[in-house]
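J.: As they're listed, the protein sequences go chains U and Z.
To convert a position in the first sequence, counted from 1, into our numbering, add 410.
To convert a position in the second sequence, counted from 1, into our numbering, add 24.
All clues given are correct.
Simulated restraints on C-beta separations:
| no. | chain 1 | residue 1 | chain 2 | residue 2 | range |
| --- | --- | --- | --- | --- | --- |
| 1 | U | A443 | Z | T184 | 22 to 28 Å |
| 2 | Z | L182 | U | G448 | 24 to 30 Å |
| 3 | Z | R83 | U | S579 | 47 to 53 Å |
| 4 | Z | D29 | U | G595 | 36 to 42 Å |
| 5 | U | G448 | Z | D29 | 46 to 52 Å |
To be clear, the hints were calculated from the coordinates, so they are not data collected in a lab.
The beta carbon of each residue, even a glycine, is placed where N, CA and C say it ideally should be.
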Amino acid sequence: MPSEPRVPTEPTLDELSAYLDHELDADAKARVAEHVAGCADCQARLDGLRQTAYAIRALPMETPPRTFTIPAKRRESSSWVPVAGWIGGVAAAMLIIVVGVTHLPFHSASTTSSYSPISGGLAQGAAPAARPAAPLGQSGAGTQMYDSQAATKAALSNAATVSDPRNPSRMLTVSTDAASYSPTGTMNVELRLLGLPQGRTALVSLLLERNGFAVLLPTGSGPLDASGYRGNYQLANLALPNPVAGSYTLIAVEWLPDGNAELIARLPITIQG
Amino acid sequence: MDDRDLVGRARRGDPEAFTQLMMQYQVPLYNMALRMVGRPDDAADIAQEAFTRAWVKIRTLRDAPFKSWLFQIAANLCYDHFRRGRRYGEMPDEDTNKVVGLGILTPDPQERAEASERNRLVRESIEALDHDMRLAIILRDVNGMAYDEIAGVLGVPLGTVKSRIARARAQVQEHLQRYPDFFPSTREDAHAE
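So here's chain U without its partners, still in its complex pose:
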C-alpha cells in the first residue's frame, strides 16, 4: 500500500516566532518552512507575527536625557579597588569626568546648501546604537587638516576639517575662536557639515577630550544660524579634571545611522594653568 504524502506538523506559536528570528535548528526550520509554504493560515500567522515584530523594532532609539558617570566617591570607597591599580593621581582626578554623547542633528535642506539650521532649534536626535566614536585618541575615518586649509571654511580662526575620502566634498569642520584658553575663559565653538546629500540627516556629537575621557559639551543653549552650529562654553562650568590645565582635543563626530562614526574632526585645545 503506497504511503500517503507526509504532511509536516503544524508549527506551534513558539516555532513560528523563533522561525522569524532564525532561532530554530535546521530540521525544525525546514519543517516549518515546508508547512508554511503550503498552509495559508500559518503563512498569515507568520506574517502577523512578522509585522508585529517590525512595529516594535520601528520604535526610535531614544537619546538618554543625561550623561552617565561613575561617581568618584563610590569608586574611591570601593574596597575592592586596589589603590596601586589606579593610574596614579591623574587617573584619580579623572574619576570626576563625565562621559556622554549628545547628538546634533543636521539635515540638508536644498541642493545647494550643504547644511541648514535645525528646525525647532537644537534638537536631541534619536541616537544610533552607541559606540565610541572610535577609541578616543585614534584616527577616525577621513583625512584631517588643520588651520589654514580649514580656516577657508570656518568662520573661527582655529579649525580642523576632516573630509570623507570617498567623497571629498563631504567635510566636517570644528573651529574655535582660539587655540588656548584660561580656565575661566569662554570657548566659542562652531560646527559645519558640508556636502550632505539632499534629504540626508546627520547626527553630530561634540566632546572635549583628554587622555581618553571626554566631557559632553551641552548643545541646548547655543544659537544656530544658517551656517551651522555655534555655541559658547564657559570652561569653568564644564566638569573638567583637576588640574584643569592641559592639552585637550575638541572632537566632533558625525554618526552613521548604524552607530559607527563616519567623520571625526579633532582640534587641539590648550587650557592654561
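Based on the hints, put chain Z in the right spot on chain U.
T.: Relative to the frame of chain U, chain Z by itself:
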C-alpha cells in the same frame, strides 16, 4: 578593541576601559530600561545605577559576556523598580520635530503624526505585557539580542525565552489589531484572503 579586552582592563581598575564600555552600551541599555519602565528619568536612573554596580562589581565577572551581565543588572533593577510599587510611567509624546529617525526625515506633518501615534500604540501594547514577557520581547526586538544572549540575561532556559517572546508577540499583535487603520498588516486574515 572588543569587550573582553576592555573588561580585562576594567577589572584591573582602568577607568578609561570602563568608560569605553559605558559609551558603547549607554544607549541600548537606556532604551531597554525605557521600554521596561516607561519614564525617561526612571530609565536613566536605572541605567546609571546599572553602570555604577557593574563598575563596582566587575572583578566578580568571570567568563560571562559583559553585555549579558550588564543587561542582567539593569533587568534586576527594573524588577526592583516594579517591586517598589513604581508603575509604568507614561512617556511624554515624542516631539517628532526633535526625533530624527536615523537618517530618514518625514517632513509631512500628517505622516509624522501617524508615526507618533503608531509608536504610542506600540508602547502601550508593550506596557500591557507582564514583566517577564515585556523584558524578553524588548531584549529581542528593541535590543536585537539573540536567544542565547537573552537566556543569559534572564537566567532561564532557551525554551522559556522562545515561549516568552512568542507569547509576547502574540499579545502585542492582538493589541495592535484593534487599530487596523494604523496596523492593517498585523491582522492574520489580512494575509489569508
